[in-house]
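Reassemble the complex: the two chains are provided individually, in unrelated frames, and hints are given to aid placement.
What follows is each chain in one-letter form.
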Amino acid sequence: MGAVDLTQFHKTFFEESLEGLDAMEAALLALDSGSTDHELVHTIFRAAHSIKGGAATFGFAEVAAFTHVAESLLEEVRSERRGVDGELIDLLLRSVDCLRAMLDHTSHGLPAADADSEALRGELVRLVSGEAAPAPAAATPAAASVDGWAIRFVALPHLLQTGNDPLRLFRELQQLGQLDVCRAFVVDAAPTQLAELDPGQCWLGWELRLHGAVARADVAAVFDWVEGDCELTIEPIAAASVAPVAPVAVAPTLVAPPVAAPAAPVASPAPASAPRPVRETAAASSEGSSIRVGIDKVDALINMMGELVITQSMLSDIGEHFHLSQLERLREGLLQLERNTRELQESVMRIRMLPIGSVFNRFPRLVRDLERKLGKQVKLELHGEHTELDKTVLEKIGDPLVHLVRNAIDHGLESPEQRRAAGKNETGTLRLDAYHEGGNIVVQISDDGAGLNRAAIVAKAEQRGLIRPGQEVDDAEVAELIFQPGFSTAAQATDLSGRGVGMDVVRRNVRDLGGSVGVRSQSGKGSVFTIALPLTLAIIDGLVTAVGEERYIVPLISIVESLRLRPEMVRKIAGGGEVFHFRNEYLPIMRLHRAFGCNAAITEIERGIVVVVEEEGRRVGLLVDDLLGQQQAVVKSLEAHYQRVQGISGATILSDGSVALIVDVCGVVRLGQRGKAAA
Amino acid sequence: MHENTDGAAPTVQQLTFNLAGEEYGVDILSVREIRGWSRVTRIPQTPDHLLGVLNLRGAIVPIMDLRLRFGLERESYGDSTVVIIVAVAERLFGIVVDAVSDVVDIDPSAIKPVPDMGAVVDTRYLKGLATHVERMVMLLDVDKLMRPEDVETLDAALPHVREVEVAA
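Sequence order for the protein chains is P and S. For the first sequence, the numbering used here gives the first residue as 1, with consecutive numbering after it. For the second sequence, the numbering used here gives the first residue as 1, with consecutive numbering after it.
Hint data in this document are derived by calculation from the structure and do not stem from the laboratory. Hints should not be assumed to be uniformly reliable.
[Said to hold, decoys possible] With a straight-line cut-off of 35 Å between C-alpha atoms, the simulated DSBU-like cross-links for lysine-lysine are:
#: 1; chain 1: P; residue 1: Lys636; chain 2: S; residue 2: Lys127
#: 2; chain 1: P; residue 1: Lys636; chain 2: S; residue 2: Lys144
#: 3; chain 1: P; residue 1: Lys636; chain 2: P; residue 2: Lys11
#: 4; chain 1: P; residue 1: Lys379; chain 2: P; residue 2: Lys525
#: 5; chain 1: P; residue 1: Lys525; chain 2: P; residue 2: Lys396
#: 6; chain 1: P; residue 1: Lys391; chain 2: P; residue 2: Lys379
The following block holds chain S by itself, in its conformation from the complex (with noise of 0.2 Å):
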């Protein structure tokens, strides 16, 4: 987040990218490289959306497919088909989309709340909605994308762990 210090509202500038035909913004404060795809090296039991590692100037980086992660059609990928690494408490990942398309302000108080659309659709990695020229744009929520699994379990079964105490 920018910090204007001459009054202006402070935007966030977001990296927006295609999935889907859909689109998507990721903060751009937390991408540290984009790049083009390149072969990964698998790694044993992990699940699907975790493609493998690749090595980054000596780092060894986990890269997820975003559409997999989303539970969405595999696609082949292609030319237009990019990697971003972002960073998170200084772990590396790199996730794997459609397409990069532009970086834009965005004004936070003009995020919107997720809608709660029940067990339907999986929302639990986005931030919020932005409107962006009159397009919508689902910001990401990178913290959440690279978790564990089992901590994802946990905190799916927290509330209802809270429900169990409060009836007993």
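Just chain P, with the same shape it has in the complex (with noise of 0.2 Å):
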């Protein structure tokens, strides 16, 4: 029997620990929100203790010594030695940040500590062995008093099989001290015939002899998760104690031989595995490449397929002896077939759906940081936590969301002093809200402020000359500035107390996402932004257009508006560019047959239609021949069997069969300013 290879169980440690130090960061939160809750302290410490045991049994020893830290420190609040205030919990959350990194590191294969880590560390040690913890009335006795502690534990048989190794408590309590074993004895009720030995079983017991100024709390914290399969004593040396019998260094031959044993059939009946320790997991953070999928949902596929089924067989007995008097029975099973293929799609779909409260989850946090930092107060409301959407959304859309909630408190709320003199609660209140509005999925981040500050925005905008001094502008125009491109590096460079900290860059990820971004805002009142996200990034409304032998669908997102042009709308511009006018601007005709090479297509462009798209802010007309109608397209990638394609973003297939391309706006205007540089 060889040793077992620890690493494959490496990642589901990291998957752990990492939701644990989610769990951690939540109740540590809770408690500083004025909650008394025992149970979060336990929570807490029990996620801090799983954490070092796992990085213990695994060899992450830098994991280990800070955890441990920052467990002793736990238990010093969980016995109630120490109260709890915004600076421990502070410190306790930097701990948390910390261990992230380190655990990141870890995985990486890195060394997981370094200089930030250390520093922390010493000030928790700093916290936990010096200052003013006020003495426990409790009878434990003061570390300092004892020499060291006389341990005797001695495993039940089924130790191993929960999932313990004394090798890794002895290993751990070497951190604590100098450690001596005095004697490792067999168990009398042990087997002695050989054939009866079971490996899975342990029938030893260990004297062990833990010297050093150690607090008996930590000594038995190292067998909290072997209690009840073991019989343990823990009891201070006299200082008069004899001397240690013949030190045994701890080495893994110690343990080995019974783990070690051969393989015996197993004979003896195994003792009914004692209840595992329970674990907190959080049900939320599954940004792998994996999705927990409720039972619920899988069971709904499996009646769907069920149906499906029937229906199927329906089919084929009416097509194996066809007449035209069953018509109207074909008939309907066509409907009942397009109304199990319709619900088994929705099913198909709702595998993929994540609730956006995995991604709301991280707000507190980041509330707590921007409050500390600006010296704010923020009160955060989260609603709709349990709105789905699709999972490849809901990664891409925290950063946004971040950025948006980060702009709320930097630039929206106001400070206290200016609250009250504006009459408001000091408190401002921040508000997240996700719910479904038709086929989409809506995300509003709202906030009592101040809302945008007209003013300075202008006032920018003009320096920036994205309008013209002294031009007139209304609400919904001085909204649209703040996602000009560039705007935003503006105001920051010169700490323009507008919002528009990287809005361009918001709005181009919820582009990307195939959704919208709006802001609507009140002076004095606040301001709301509002993202309209779809779905699901596999199925996207579009328009069928003709352009020759050819369909493309343009996204309806995308679409400003559809016209035919007359000839003297149409001006030529220097270099053989084609504009036209359209609500006080110029826009440039792109035709698509020349872009994507079509031919017997209509080239004179009053027979055509020009579809006005917008995207980045910029808009152009595409040059189309006729417009099909609308539909949904499901979209397949072209990369699956070909490649990337500029200026297609996919492909569909249409009703008969054949196969449509989806136009990628970005790139199609991409690709005419390229044609027009080579021309």
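Set out below in structure tokens:
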């Protein structure tokens, strides 16, 4: 029986530890907001303890050492020897961050500890060992007054089956102080026949001595996990106690024999395995490449599949002996098939849907940190955490949301003094909402702050040449200005107190997901940013257009308007470009047949139709032959069997079975510019 | 390739097809389907030999004209024109050929290397030459057919780069 390759469990350890840290963070934040629930402290403690145990098992000594100190601190809180204050929570939150970084480093095979983590660990150590932790009223002997502890540890036979390893416990003890093994013995009840020996059972006991000024609680904590799986006595060593008998170094050989015993046939009935220590694992946080799907969703799929099979057999039955009199039945069957297919499609899509709560979860922490940093008071309200959206969308919406939340606190909400002066509650409210609306998910970030600083935005825009000095702009146009590329950087550099840090990036990210972002603002009352996202990236609403013999799908979300131009509306400009006048601006005309090299397309602009599309704040008119109608298109990748093609974002299958390409508006615009540059 | 345990020499089965009067073979294990010619959807920004894509039971599969790929005259598509759908590393693509002829067993040891024809004839898509019933069959290297042009250009340039390095 070879040594178990522990590396196979590393991934699970990291996942569980990160989940543990999330749970810790959430509980710390709950404590911070004034909750006195004692269970929260236990949750934090358990999470830290699991991480420590795991890290020690896998030999991540730095992580284990760091967690150990944090755990000692938590133990003081748990036993109510230390009160909870903002400072402590701050420190623990920083420890959570630090541990996250350490785990990240470790998972990439890098050294976990760095200067920061060591500094933080030092801080924790000072807090634990040193200063004014009021002496506990409990009868726990103060650590300094004992020389060490005599530990008698007898494993119950099923100890190994609960996933515990005595060797690991000893290693942990060793970190506390000098550890001597006085005696290792075989339990009397152990089987005497070799054939009865089961390598899965442990019949060993140890008498240990741990020297050094160690708190009893720390020693006991090491054995927390084996509680109920062993007989344990811990007694202080009297000053005049006998000297340790022949100290034996803790070496793997000590425990190896029973574990590595020849695999005898399992003769002795295995004792019912003790309940494993309950681990708290957060249900959320599934950013990996796999998704956890609720069993109800899978059941729904199976049901649907069953119905589909029934419909199929009915149809094939009709098809086998078809007679015209059965036409009505056939039609019914086809209708049923259509319904089944639609339901199946919906169910399959639902598998990819995850609640937005996993993204919302990171905001309490962010808000707390910003509050401290900016000296503001913010009340965060989260609504609609259970709203589900496509996993791909979910993964990409996080950053834009963080951006908006940060902006809202930084620029939107005023300082407590300003708020008081304005007759508002000193604590500002930031509200995140998520809900379904039509085929979209809407996420709203609203604050009751000062609203957009109109004057500053207009001044900035004039300075940047985005609008003419003295030009009249309405509120909608002001709102539009903050999404202009470049507007933000300038705002940031001059520390202008209007919104707009990277708003163009936010808009671009949301657009990439096929969504839109807008803002409503009322001076002095606050602003509301609204993000509308498609439920899924797999299906888009598109306009089917004809160009020559080909069909192209233009995503509906990019379309501003479609119109037929009269010849006199078209102007030629230097270099052969064509423009037309549209709502107070001149838009370039992009001939799709030319960009895509289509045959037999209409080349006279007045006979075709111009579809005005907007992307990244730029508008162009796409010349197509005709509009064929609106359609939901299931997006298929060209890359699956071919490669990326510029100007095309994918393909879809039309109702006649032929393939139509989906226009990537951004790409086409770039294609046009390149064509012009080449010409 | 079929592993025969009874000691007989393993043979490779090839699907042979006709292209501009010559016979070519493609490993039958990479063939997924043979279908008649149907209209494809053109894709912009692609080389001429890539005719477009078609819908193969929901998958968007690129189709290339082997004549154009080999720099031969384009032929109008008729009733016998077929598309062979092949799979390379789970990616599907179709090749348009004049006609499919047969499935033949070929002894791998009888496969001869393609002679160096110099720059005049493009032989990089051939794996070897085999003889079957006194006819020569050119064995197609399907892996190389669908590789993006830039990879090919790079491949072509590599030997020269090495020479330069040696010279330096």
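Evaluation of the provided hints:
no.: 1; hint: Lys636(P) to Lys127(S); in the structure: 33 Å, holds
no.: 2; hint: Lys636(P) to Lys144(S); in the structure: 25 Å, holds
no.: 3; hint: Lys636(P) to Lys11(P); in the structure: 33 Å, holds
no.: 4; hint: Lys379(P) to Lys525(P); in the structure: 16 Å, holds
no.: 5; hint: Lys525(P) to Lys396(P); in the structure: 30 Å, holds
no.: 6; hint: Lys391(P) to Lys379(P); in the structure: 28 Å, holds
Checked against the numbered hints given earlier, this structure breaks none of them.
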